[in-house]
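S.K.: Take the sequences, apply the hints, and build the full model.
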Amino acid sequence: MSLGPLDRRALLRGAGLGLGSLALADLLRADGAPTAHLPARAKRVIYLFQAGGPSQFETLDPKPKLRELHGEPLPDSVRAGQRLTGMSGNQAVLPLAGSFVDFVREPHTGLEFSTLLPHTSQVARHLCVLRAVHTDAINHDPAITFFTSGSQVAGRPSMGAWLSYGLGSLNADLPAFVVLVSKDANRDQPLYSRLWGSGFLPSEHQGLQLRAGREPVLFLGDPAGVARSDRRAVL
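The sequence shown lines up with residues 368 to 602 when you count with the numbering used here.
In case anyone wonders, no lab produced these hints; they're calculated from the structure.
Virtual Cβ for every residue (Gly too), placed ideally from N, Cα, C.
Each statement offered as a hint is correct.
Distance ranges between label pairs, derived from CB positions: (1) D540 - A409: 19 to 29 Å; (2) M454 - P485: 30 to 40 Å; (3) P509 - P569: 19 to 29 Å.
M.R.: Listed below in C-alpha cells is the structure:
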C-alpha cells in the first residue's frame, strides 16, 4: 500500500496531534505519580555535611584503647594488607594517634561526648548517634562521594536525588531540594556538584545550589540591557 504525497496542511495536522499526545502523556504521568511504599511522615530534612570537620575520635566516638596505645606502631594484624594513602604510604612506621580530648558520659542517654561539644551533650535525648558506619575509602574525595551517594565511583545519584525519586515532591514547580555551600578561603577539599546530582536519574531529581550575591539562582534574572518585554516576546 502506497501513501500519496502529503500537503503542508496534512503534515502540520499530523505533527500537531503527535506533539499533543506527548504533552498529554506527560500531564497524565505527573498526575499519576507513584506513591511511596510507606507514608512519609517527615515534611522536611536539613542535612548538614561538615566536610573537613573534626573526626569522630574528637567528637562522639571515644577510643580508650587507641589513647592507651598512642604513639605505638600500627600492628600488622590491624592493617591486614589494607591500602595506605599517599600521605603515609612511604612511611617506615605508622604510629597510632589517640584522641587529644577527654570524653564525658551524658547521664540520661549514656552517650559519650567530647569536651569540645558541651552544648551538644545537652540535647543528647534528641540525637541518634551511629557508631557502626564503615567505609573502605581511604581518601577524602572518594569517602565524601560514598557518604553522599553510597558509592565511591562518581556518577551515582545522590541521597537527595533518591529521596526525590522515591517520595516525589510536594510542588512540581520547585526544585527537589536546595544546597548551601559555605565559603572558606582556607578550605582545601572542594565540594563538587555531583555530591547533590541526580546521576543516571532524571535531572529533575538533582539539587539546586543557592549562591551568595545578587543572583542566588542562575539565569532567573534578566540580563543587563535586556527588557522584560523582549524576553516575554521570545517566550
